[in-house]
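The lines below spell out each chain.
Protein chains: 2
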Amino acid sequence: MNIVVFLYDNMTALDVIGPYEVLSRLPEADLKFVAENKGIVRSDMKSLGISVDYSIEDIHSADIFLVGGGPGSEAVRNNARVIDWVRAINENATWTASVCTGSLILAKAGLLDGKRATSHFASLDTLHELGAVPCKERVVIDGNVITGAGVSAGIDMGLTLFSKIAGEEFAKAVQLGIEYDPQPPFDCGSPEKAPPELIALVKATLAA
Amino acid sequence: MNIVVFLYDNMTALDVIGPYEVLSRLPEADLKFVAENKGIVRSDMKSLGISVDYSIEDIHSADIFLVGGGPGSEAVRNNARVIDWVRAINENATWTASVCTGSLILAKAGLLDGKRATSHFASLDTLHELGAVPCKERVVIDGNVITGAGVSAGIDMGLTLFSKIAGEEFAKAVQLGIEYDPQPPFDCGSPEKAPPELIALVKATLAA
Numbered sequence: 002m003n004i005v006v007f008l009y010d011n012m013t014a015l016d017v018i019g020p021y022e023v024l025s026r027l028p029e030a031d032l033k034f035v036a037e038n039k040g041i042v043r044s045d046m047k048s049l050g051i052s053v054d055y056s057i058e059d060i061h062s063a064d065i066f067l068v069g070g071g072p073g074s075e076a077v078r079n080n081a082r083v084i085d086w087v088r089a090i091n092e093n094a095t096w097t098a099s100v101c102t103g104s105l106i107l108a109k110a111g112l113l114d115g116k117r118a119t120s121h122f123a124s125l126d127t128l129h130e131l132g133a134v135p136c137k138e139r140v141v142i143d144g145n146v147i148t149g150a151g152v153s154a155g156i157d158m159g160l161t162l163f164s165k166i167a168g169e170e171f172a173k174a175v176q177l178g179i180e181y182d183p184q185p186p187f188d189c190g191s192p193e194k195a196p197p198e199l200i201a202l203v204k205a206t207l208a209a
Numbered sequence: 002m003n004i005v006v007f008l009y010d011n012m013t014a015l016d017v018i019g020p021y022e023v024l025s026r027l028p029e030a031d032l033k034f035v036a037e038n039k040g041i042v043r044s045d046m047k048s049l050g051i052s053v054d055y056s057i058e059d060i061h062s063a064d065i066f067l068v069g070g071g072p073g074s075e076a077v078r079n080n081a082r083v084i085d086w087v088r089a090i091n092e093n094a095t096w097t098a099s100v101c102t103g104s105l106i107l108a109k110a111g112l113l114d115g116k117r118a119t120s121h122f123a124s125l126d127t128l129h130e131l132g133a134v135p136c137k138e139r140v141v142i143d144g145n146v147i148t149g150a151g152v153s154a155g156i157d158m159g160l161t162l163f164s165k166i167a168g169e170e171f172a173k174a175v176q177l178g179i180e181y182d183p184q185p186p187f188d189c190g191s192p193e194k195a196p197p198e199l200i201a202l203v204k205a206t207l208a209a
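First to last, the protein sequences are chains L and F. Each residue of the first sequence is one higher than the one before, counting from 2 in the numbering used here. Each residue of the second sequence is one higher than the one before, counting from 2 in the numbering used here.
Excised from the complex, chain L in its bound form:
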């Protein structure tokens, strides 16, 4: 099981580490972190640096292809070399997956044209502009593409994808192994549950 996780500067770390923690437990998983260039990729909060052992030149295929989101996703969308590579990797991938604004990268590569998909709630309009059919759901599957909502949704996406590949019983064991019985301290984790002023604050912060 050849899993390729694409990283870039200014990404949001949890977007990819959530599903990484799940998908790396697939039977015979061979998981590689890949970036445009080898070296250290810095996340959006700067202090985290992830060591990347493979550049996009080294990687030509994936069984599972995962792209996370973050402020740096806009620069990726404007990088034709990377977008061409994303398109090429998807072509033979069994599954292409995204979390948060990672779906905007997939959409820019034309992979979501007319497809149902999700993204961070603040980016659903952009997802629509890029040709996808945005859905306000936590995890969306359309064909070979599975997309998760904002940041923390990658854990739910990862477990859902894991169960599709390795079966429900194994997925349940992984969910229990990472003790995923979430108890958020507040009931405000989606725009449906949060007051308008909180939504406005988060949208303004993300836009800045």
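It is worth saying that the hints were derived from the structure and are not from the lab. Among the hints, erroneous ones may be present.
One copy or any two copies: either way a pair holds, since identical chains are not told apart in the list.
What the hints assert, rightly or not - List of simulated lysine-lysine pairs, BS3-like, C-alpha gap at most 30 angstroms:
(1) K165 x K47
(2) K204 x K33
(3) K39 x K137
(4) K33 x K47
(5) K137 x K194
(6) K116 x K39
(7) K204 x K47
(8) K165 x K204
(9) K194 x K39
(10) K33 x K194
(11) K116 x K47
For chain L, the structure is supplied; the task is to place chain F on it using the hints.
Using the frame of chain L, we list chain F on its own:
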């Protein structure tokens, strides 16, 4: 706000990346990843390498001190040099925090003697042996120490700690920002909810 996250080989990445994603958003957060030695630390699933810019010799204090868990935590508990450092950093920390078996490291350093604390469900007996009062709760606060249960509990722990430091309104904005409205695909994420054979499977896997 001086935040120190201790890393080591064979740790579980999500343990620390969950709370990192939250705590790095504290006002004026200055977050440093620290390990016994500088360089690349490899997580338990191997393919992830985190770049560590500071060794324990460089770091002498923290406002928030965070220790995650994972299979490598046992080697850390047997490393007197690191355990002495953990004890010293805690001494002036406003908050000392752990996720999963990170609490066993704190306990080994004597920081949990007679204190209520939690850990991965499969490690609560060991936590007791090391002098703590184990609690089957997702997040436990006793004095200046906050402990989270297994792996994914670090997000709940991080948001709880965030709200203690920066207030509920700001914590709610962060929870919405990372769209933390979890929808686990299965209702089996804690031993209270999982069938006995699944619990036995997970415990056997973790022990192996």
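Point to revise | Hint numbers not upheld by this structure, sorted from lowest to highest | key: Numbers 3, 6, 9, 10 and 11, in rising order.
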